[in-house]
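Take 162 as the starting number for the sequence shown in the numbering used here and just add one per residue.
Hints may be right or wrong, so weigh each one.
What the hints assert, rightly or not - Distance ranges between label pairs, derived from CB positions:
#1 Glu-387 to Ala-227: 33 to 41 Å
#2 Ala-308 to Gln-361: 37 to 45 Å
#3 Pro-225 to Asp-192: 17 to 25 Å
Since the hints were derived computationally from the structure, they do not count as laboratory data. Bear in mind the structure is a predicted one, so any value in this text is a computation, not a measurement. Just so you know, even glycine gets a beta-carbon here, dropped at the ideal spot from N, CA and C.
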Amino acid sequence: MSGPASSAPFHEDVELRGHIIDSLLLPKVLDEITTLGGEYHSQAIQIGHHRHDPSYVRLQVTAPTADCLEKILTAIAQHGAVPVALTDCRLVAADLPGCFPEGFYATTNEPTEIRLGGQWVPVARQEMDCGIRVDAAAKRAACVPMADVQVGDQIVCGRAGTRVLPIEGDVNRPSGFGFMSSTVSSEKPKSVAVREIADQMRAAARGQGKILVVGGPAIVHTGSRELLSWLIRRGYVHLLFAGNALATHDIEQSFFGTSLGISMAHGGSTEEGHEHHLRSINRIRRAG
162 MSGPASSAPF
172 HEDVELRGHI
182 IDSLLLPKVL
192 DEITTLGGEY
202 HSQAIQIGHH
212 RHDPSYVRLQ
222 VTAPTADCLE
232 KILTAIAQHG
242 AVPVALTDCR
252 LVAADLPGCF
262 PEGFYATTNE
272 PTEIRLGGQW
282 VPVARQEMDC
292 GIRVDAAAKR
302 AACVPMADVQ
312 VGDQIVCGRA
322 GTRVLPIEGD
332 VNRPSGFGFM
342 SSTVSSEKPK
352 SVAVREIADQ
362 MRAAARGQGK
372 ILVVGGPAIV
382 HTGSRELLSW
392 LIRRGYVHLL
402 FAGNALATHD
412 IEQSFFGTSL
422 GISMAHGGST
432 EEGHEHHLRS
442 INRIRRAG
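Please put together the full structure from these sequences, using the hints given.
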């Protein structure tokens, strides 16, 4: 919504620049604000006159609580919305090897900058699921995998003093991953085959063989971890082969109630859900 600025105590001014109209960044920001329970008021807007002209929008974001406002600002920052009142990033020294401090900034695969000493510094070696290690004296920042963190490393924590520079795509250009949006018919299990498998499992549970489950994260994604646990407890599964993905998402569901950021309760995406698996791993590593 547009109109006069709000006098609500929980508000912050943000701005977006670039090709925010044709790349749908502005609609995404507005949708995030309202979906997360906030409101917005347009303070300034300049639309580019030609296709390649950048645009500019300044919004006041308001929310009913400080926590709600922080969630909104974190979400829209991923689309390039930056607070007008800028502050330097917060640095916390790593206290354990191979672990980030709690509250670390989790990177995406989009170009990112941090504010250091009043200047924006690009983050080198950009990749997702990392933290940001800073050399304040040299004014350098780079993505660092969790396993490479050393005690004393200065790690960016929180949202303040960071900004993402979203890749501005052309909405009219076909995506290279368009095939993934096509409808795929799933294989339907046959009742006869299911009964035969069940009979063989009962026989194995009576001592007539052993059952090996080769598991992956789909066990958690589909909400089946309780069912697998039931089978294990009752002697229907004797061996489980799995990689770290199954363990990671099992732990993520225990910590956050999500799997790959998707709520196991209502099936929708959650705020900062894409970071949950990384934060789960970090908590376990910090626990030793």
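### Task
Against the structure, test the hints numbered earlier, and report the numbers of the ones violated in rising order.
none
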